[in-house]
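Enquirer: Going line by line, the protein sequences match chains A and B. Convert by adding 162 to the 1-based position in the first sequence; the result is the number in our numbering. Convert by adding 19 to the 1-based position in the second sequence; the result is the number in our numbering.
It should be emphasised that the hints constitute simulated quantities derived from the structure, not laboratory data. Please note: incorrect hints may appear among the correct ones.
Residues on chain B that point at chain A, a partial pick, calculated with CB under 10 Å [as the list claims (entries may be wrong)]:
| id | residue |
| --- | --- |
| 1 | L292 |
| 2 | Q298 |
| 3 | Q299 |
| 4 | L322 |
C-beta: ideal position from N, C-alpha, C; glycine also.
Chain residues, written in single-letter form:
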Amino acid sequence: MPDLKPFLVLGFALGGVFAMSGVGLVVLYRATGVLNLAYGAIGATGALITWSLLDAGWVPDWIAYLACIVFGGAATLVYGVLFGPPFAARDPLVKATATLGLLLILLGTMQWVWGRDPHGITLPTSRWNYAVFDARVSGTQIIGVVFAIVVTTGTAVFLRVTKVGTAMRALADDREITATLGVPVRRVEAAAWLGSGIVCGGAGLLLSNLVGLDIVGLTFLVIPALAAALIGRLQSLWVTLAAGFLIGIVQSGLTAFSEVAEYRTLTPFVLAILALLWFAIRRGQTPAGSSS
Amino acid sequence: MKRSLLGLIAVGGLLFASCGSDDNGGGNASTGQKLSPDETVAPVSGHGNNIQKPGECGEGTGKKATGEPIKLGGMATNIPGVDFTWITKMTGAYFDCVNDNGGIHGRPIDYIAEEEQVDPQQVASLATKLVEKDKVLGLVGSTSLIECSVNNDYYGKQGYHVIVAGVAQDCFTSPNFSAVNMGPYYSSLGGAQAALRAGAKGKMVVVSPNQPGFDVINSGVVEFAKEHDMKGVSILEDVPINDPAGLAQRLVAEAGDGGGVVLDFTGPTVLPLLQAIEQQGLIDSVVWASSTPPNDPSLAKELSKAWNGKFLINAEFNVLDSGKPDQTHMNEVLKKYAPKVPLSSFAQMGYLNGRIATDALLSIDGPITKESVNDAFQKVTNFVSDILCQPWYYASGVGSNVSNNADLTVAPKDGNMVQVEDCFKITDLPGNPLDKIRAAEKEHGLNTG
Numbered sequence: 163m164p165d166l167k168p169f170l171v172l173g174f175a176l177g178g179v180f181a182m183s184g185v186g187l188v189v190l191y192r193a194t195g196v197l198n199l200a201y202g203a204i205g206a207t208g209a210l211i212t213w214s215l216l217d218a219g220w221v222p223d224w225i226a227y228l229a230c231i232v233f234g235g236a237a238t239l240v241y242g243v244l245f246g247p248p249f250a251a252r253d254p255l256v257k258a259t260a261t262l263g264l265l266l267i268l269l270g271t272m273q274w275v276w277g278r279d280p281h282g283i284t285l286p287t288s289r290w291n292y293a294v295f296d297a298r299v300s301g302t303q304i305i306g307v308v309f310a311i312v313v314t315t316g317t318a319v320f321l322r323v324t325k326v327g328t329a330m331r332a333l334a335d336d337r338e339i340t341a342t343l344g345v346p347v348r349r350v351e352a353a354a355w356l357g358s359g360i361v362c363g364g365a366g367l368l369l370s371n372l373v374g375l376d377i378v379g380l381t382f383l384v385i386p387a388l389a390a391a392l393i394g395r396l397q398s399l400w401v402t403l404a405a406g407f408l409i410g411i412v413q414s415g416l417t418a419f420s421e422v423a424e425y426r427t428l429t430p431f432v433l434a435i436l437a438l439l440w441f442a443i444r445r446g447q448t449p450a451g452s453s454s
Numbered sequence: 020m021k022r023s024l025l026g027l028i029a030v031g032g033l034l035f036a037s038c039g040s041d042d043n044g045g046g047n048a049s050t051g052q053k054l055s056p057d058e059t060v061a062p063v064s065g066h067g068n069n070i071q072k073p074g075e076c077g078e079g080t081g082k083k084a085t086g087e088p089i090k091l092g093g094m095a096t097n098i099p100g101v102d103f104t105w106i107t108k109m110t111g112a113y114f115d116c117v118n119d120n121g122g123i124h125g126r127p128i129d130y131i132a133e134e135e136q137v138d139p140q141q142v143a144s145l146a147t148k149l150v151e152k153d154k155v156l157g158l159v160g161s162t163s164l165i166e167c168s169v170n171n172d173y174y175g176k177q178g179y180h181v182i183v184a185g186v187a188q189d190c191f192t193s194p195n196f197s198a199v200n201m202g203p204y205y206s207s208l209g210g211a212q213a214a215l216r217a218g219a220k221g222k223m224v225v226v227s228p229n230q231p232g233f234d235v236i237n238s239g240v241v242e243f244a245k246e247h248d249m250k251g252v253s254i255l256e257d258v259p260i261n262d263p264a265g266l267a268q269r270l271v272a273e274a275g276d277g278g279g280v281v282l283d284f285t286g287p288t289v290l291p292l293l294q295a296i297e298q299q300g301l302i303d304s305v306v307w308a309s310s311t312p313p314n315d316p317s318l319a320k321e322l323s324k325a326w327n328g329k330f331l332i333n334a335e336f337n338v339l340d341s342g343k344p345d346q347t348h349m350n351e352v353l354k355k356y357a358p359k360v361p362l363s364s365f366a367q368m369g370y371l372n373g374r375i376a377t378d379a380l381l382s383i384d385g386p387i388t389k390e391s392v393n394d395a396f397q398k399v400t401n402f403v404s405d406i407l408c409q410p411w412y413y414a415s416g417v418g419s420n421v422s423n424n425a426d427l428t429v430a431p432k433d434g435n436m437v438q439v440e441d442c443f444k445i446t447d448l449p450g451n452p453l454d455k456i457r458a459a460e461k462e463h464g465l466n467t468g
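Kindly generate the complete structure, drawing on both the sequences and the hints.
Expert: Set out below in C-alpha cells:
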C-alpha cells in the first residue's frame, strides 16, 4: 500500500481550485441559464496577460496580478452584455454552445500571441512552503482552498441577503415573471456575469501557479470544474464545493497506485456519471406527486 | 521583476569539477561535478562544403527565383500538448530563403505543409493529397506521431524517400524514411545514459505522453536500465498534465531515493512539471533527465536557479548559441523568415530538413522529376553541419536509418541552456540496431565528413 498522505494533501489543494471554478459556473448558470464553457480559456488569457505584464516590467507586480482578475471580469461581462440578451430565450444547450465559440476565439488568440514559448508565473505566495506529511503545500495552494470556501460562503450569503442576490434567485426560477415584477433583468444578469468573471480571473491566476501556465491545459481545466458543477446539479453551491474537493482528492489519490494512475484523469467524468446515475435512480424511486 | 523580452541565450560554460569517466556514476550533476561520457565522438568542426555562408541559402545568388515551381510537401502533428508544426514552418522558412537566393537553378520551391491530428485516416488522406493531387516531387520536413507508421507502405509503392524529423519508431526502421534527428526513443536513451553517469541508481523511470507508439519509445530506457542492473519503469501520462505536483510525487516514489527519471515531453508541457518538482522540494531526490524537446532557451529562462545543472537534457543537436557558422546561419534565417518560430531544437530539425533537401536538389543533373528528386534524397551521404555531432547520410543499407546517433547533453543554468557533456554515442542495445548501423557506417564511409 503506497503512502497516500502526500497525494491526499495535494489533492485537497487541487480540489480547492476545481471547487472554486465550479462555484463560479453554478452562480452564472443559476442567474442566467448559461453554462460558460469558456471559463478556463478566459482565466488562461488573463493569466497570460499577467505574464506579459510581468515579463515587460511595465507595471508593479500587484497590478499585473490584478490584471488577470480584471480581464476575467471584463471579458465575461462584455460577452454577457453583448450575447446574453439575444440568447436569453434560447435553450441552455444553445447558450452553452455559444460560449464554445468564445472558447475557440480565445484559444486561437492565445496560440497566436503566446503559443511559441513555455510560460510560467510564480506568485510570491508560491514561495511560502509548509511541510504537511511528506508533501509541501505552498501559500498559493492554501489560498486556493480558502478562496474556494470564501467564494462559496460569500456567494451563498449574497444570494440570500442582498436585493441583487434575491433578484438572481428569482431570475433562476422564471426570467419572464421576474421581469414583469419590475426587476432590472439585464442589470442583474450583468452583475452575475461580472461576479462570475471575477472569480474566473482569480481562479485563472491561482491555477496558472498550481497546474502551470499551459494554454490548452488551463483552457480545458473547465472539465473537472464542470463535473463538480454537475454533481451539484448546477444548483447547490455547497455540493459543488464538496464535489470539487472530492474530485481533486480522488484524482490525486489514484496517482499513488501505478496500476490505475494512468486513468486518473477520468476521475471527473466517472464521478459526474455516478452522481447523475444516483440522481436518476433517486428520481425513479420518488413517489409520483411527492416532488416538484 | 524585470525579465528580458527575448530568450536568446549566451554561451556559458558550466564549470564542474572533474571526475571519473566510467559509465556507472562517474559524476553527479546534483553536486556540480563534470560528466564524462564513456564513448565520445569528435564534433563537427564547422568546416566543409556544406556549411552555409552568412546571408545566403542554396545557390546564394541574391536573386529571386522565378521559374516553374518545384513542389515539395510535408506534414506535422498539431494537437493539444504536441505541436510539431514549428518544424515544417522552419523548413518552409529555409525554402523561402532559398527562393530569395536563386532557388534551384532559377526555379522556386513551392513547399506545401499540412497539419494532422493523429487520425490515421486523415494522415493517409493527406499523403494521398500531397502525392496525387498536389503532385509533390519529394517529401521533406514531416514530423508526425504516426505518419511513418501509417504511410510507410504507400510512400514505398509510390517511390518516395522521405526526409523527416522522426518520432515513431517506423521513421527509423523503414528504408522509406530517414530522419535528421534520432527521435524520442534514442534521445530518451541518451537522457538515461546521462542520468546514469550522474549517479542514478536502483531504478530508472521514463515518462512520455500517453499517445500511440510511446510505449515503444519508453522501452529503450527500460531495456537500458535492465542492462545496468536497474529496474526500468515506463509511465505514459495524459497531456497537458493537470496535476503536476501529484505526478512529481509519483515519479519520485517510483524512482526511489537516488533513482533516475527521464522526462519525454515538449517544453510547454514539461515546464509546469519542473516547477512543481521544485515546489515540492524534489529536485535533489532523484537525477532528472530528458529527451531533446526541452532544449529551449525560453524554458531555461522560466526555470529558477535551483535547476542549475540538475536537468540533464539530451540534445540531438549543438547548442543554439554555439556561434558556429551553420547555427549562426540558422538563427539568421529564423529571425528573417520565421520570427514566430521559437529558437529551439525543433527549429534545428526544420532547418536541417530544408538544408539537406536543397543540397540534394542542387545536385541533380538533368530534369527535376519525382524519380530524380527521391534518388537524390536517397544518395545523400556525408552531409556536414556544425549543428550535428556527426555528418549525416540518408540510408545505412541495413534497413534501419539512424544516421544521427551521437549527441550531447545540455542543462539549464542561470536562464540559459549550456552544454555539460561532449558528443557521445547513444548506446546500442539488443533491442535496437545501432551496432549494425555503425558497422555499415564504417564499412561504407557514410559519415566520415
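Enquirer: Take the hints in turn and mark each one as holding or not.
Expert: Evaluation of the provided hints:
Annotation: interface hint on B/L292 holds; nearest CB of chain A at approximately 7 Å, less than 10 Å. Among the interface hints, the one on B/Q298 holds; its C-beta lies about 6 Å from the nearest C-beta in chain A, closer than the 10 Å criterion. A hinted interface residue such as B/Q299 counts as satisfied when its beta carbon comes closer than 10 Å to some beta carbon of chain A; here the least separation is about 5 Å, so the hint holds. Interface hint at B/L322: satisfied, since its Cβ lies 8 Å from the closest Cβ of chain A, which is below the 10 Å cut-off.
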